[in-house]
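In the order they appear, the protein sequences are chains X and S. For the first sequence, the working numbering assigns the number 1 to the initial residue and increments by one for each residue that follows. For the second sequence, the working numbering assigns the number 1 to the initial residue and increments by one for each residue that follows.
Honestly, the hints are just simulated from the structure, not real lab data. Owing to the predicted nature of the structure, the values given are computational and were not obtained by experimental measurement.
Result set (BS3-like, lysine-lysine): computed pairs, CA atoms no more than 30 Å apart in a straight line:
id, chain 1, residue 1, chain 2, residue 2
1, X, Lys175, X, Lys25
2, S, Lys118, X, Lys175
3, S, Lys175, X, Lys118
There are 2 protein chains.
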Amino acid sequence: MSSTILYGYWRSSASYRVRIALAWKGIAYTYVPVNLLDGEQRSEAHLARNPMGYVPAVEVDGELFTESLAIFELLDGLHPETPRLFSAEPRRRARQLAACHTIASGIQPLQNLSVLGKLPLDAEGKKAWAQHFISHGFTALERQLQAEPSATGFAMGDAFSAVDACIVPQIYAAKRFDVDLAPYPRIVRAYETAGSLAAVAGAAPERQIDAKL
Amino acid sequence: MSSTILYGYWRSSASYRVRIALAWKGIAYTYVPVNLLDGEQRSEAHLARNPMGYVPAVEVDGELFTESLAIFELLDGLHPETPRLFSAEPRRRARQLAACHTIASGIQPLQNLSVLGKLPLDAEGKKAWAQHFISHGFTALERQLQAEPSATGFAMGDAFSAVDACIVPQIYAAKRFDVDLAPYPRIVRAYETAGSLAAVAGAAPERQIDAKL
Chain X
1 MSSTILYGYW RSSASYRVRI ALAWKGIAYT YVPVNLLDGE QRSEAHLARN
51 PMGYVPAVEV DGELFTESLA IFELLDGLHP ETPRLFSAEP RRRARQLAAC
101 HTIASGIQPL QNLSVLGKLP LDAEGKKAWA QHFISHGFTA LERQLQAEPS
151 ATGFAMGDAF SAVDACIVPQ IYAAKRFDVD LAPYPRIVRA YETAGSLAAV
201 AGAAPERQID AKL
Chain S
1 MSSTILYGYW RSSASYRVRI ALAWKGIAYT YVPVNLLDGE QRSEAHLARN
51 PMGYVPAVEV DGELFTESLA IFELLDGLHP ETPRLFSAEP RRRARQLAAC
101 HTIASGIQPL QNLSVLGKLP LDAEGKKAWA QHFISHGFTA LERQLQAEPS
151 ATGFAMGDAF SAVDACIVPQ IYAAKRFDVD LAPYPRIVRA YETAGSLAAV
201 AGAAPERQID AKL
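Bound-form chain X, shown alone (with noise of 0.2 Å):
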C-alpha cells in the first residue's frame, strides 16, 4: 500500500489542481498545510520538499515530487488503473497538455501573489494587470476548447481530464480578480459541468482544513 501526503496551501491554484486530481483517480493522501501567510514556504524544511518554495508537493512513498502538472503525469502512472487525466493518444494528449499549459505556464505565474507582489503598481493596478493576463489566457484557451466537441459539457471531449482540473482553479482565481467571463462560454461549461463532480466539490479551497473563512 502505498502513502501518499500532499503538502499544500487552500487558496493555491496548483494545490487545488492536484486535490481535484487525487479526488478524481481515488487515491487516498494526508493533507498537510503549509501556511504562505506565516512564510512558512520559504523555510528550510519546505524548501527541501519544493526548492522553488511553492506549493504543492506531493511526497509518495517518501519521494518528493513538485509541479503540478508533473504530478498529474506521476499519478497517471503510477495508478494505471484509476481513471486517466490525460489521453494515452499522443495527439490528443499534446492538446491536452497544451490546453493546461495555457494556464499553468500562460496564466498563472504571471497573476500568482508572490509575482503581483512584486509589481510596481497600486492595488488597481494590480489588479488589472491580473485581469488582462487572465483574459489573455482564456482567450487562447476558449478557442482551444471550442475546436473540441464535447456532448457532455468537459472541456475536451466527453469525459473529464487535466485540463478540467485546471479549469475549476483558474476560475475560482478569475473570480477573485472580477474578470469578466462572459466572453467565454466554453471554459464556463466545463467549470460547471467539473463542479457538479463530488471529486472536484470536495476539492474546494473552502473545503480544506487551513481554510480561513
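Based on these hints, arrange chain S on the given structure of chain X.
Coordinates of chain S only, in the frame set by chain X:
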C-alpha cells in the same frame, strides 16, 4: 512519410527548445519564421496556429500543436524509434518534467519580452526583474540537478533529456540579462555538455535563417 513544420522565431526560448528537440530526435522539418518584431504573432493567420499569439507552433501532417513541453511529449509519442526526451519510468519522468516546468512556467513567463514590455519599470528595472526571477528559478533548478548524479554532465542522469533542451535556451536568455551564473555550477555543466552536441549547436538562434545579427 510525415511532414513537420516549425513556426518559430530565432530568439524565442520556446522555439529554441523545440529546435533542439527536433534535431536531437533527428526529425526533418521545415522552419517558417514568425517575425515577432513586426507583430506577425498577433495576425489572424498566426493566432489560428497558436491562439496565445506566441511561438512556437508545430504542424504535423496538417495538425497544429503548441506549447514546447506538450510538443516534446508529442514527438516522443509519434516517433518512439528516436531518442527519448522523457523517461518512460514514471518517477524519473516526473522529476524531469518538474525541472522543465521550473524553467517553462517558473522562469520564462516572467521574463519574456511581452511581459517585460508591460512592466511599469525603466530598462534597468526590467533587467533587475528578469534577473530576480531567473536567479530564483535557477537556485531551485540547481538544487533539483544536484540531487541527480550524472557521470557525463547532462542535467539528469547520464543521457541528454528534455531538461537539457530547456536549460540551453534559458542560459542563453540569462546571458542576455547579465545573470551571474557562478552560483549554478551544475546547470552550467549541463549547458556546456549539451552544447557539445551537434543537434544543440545547430539549433542556436544565430544559426537560424531569420537571425538578425
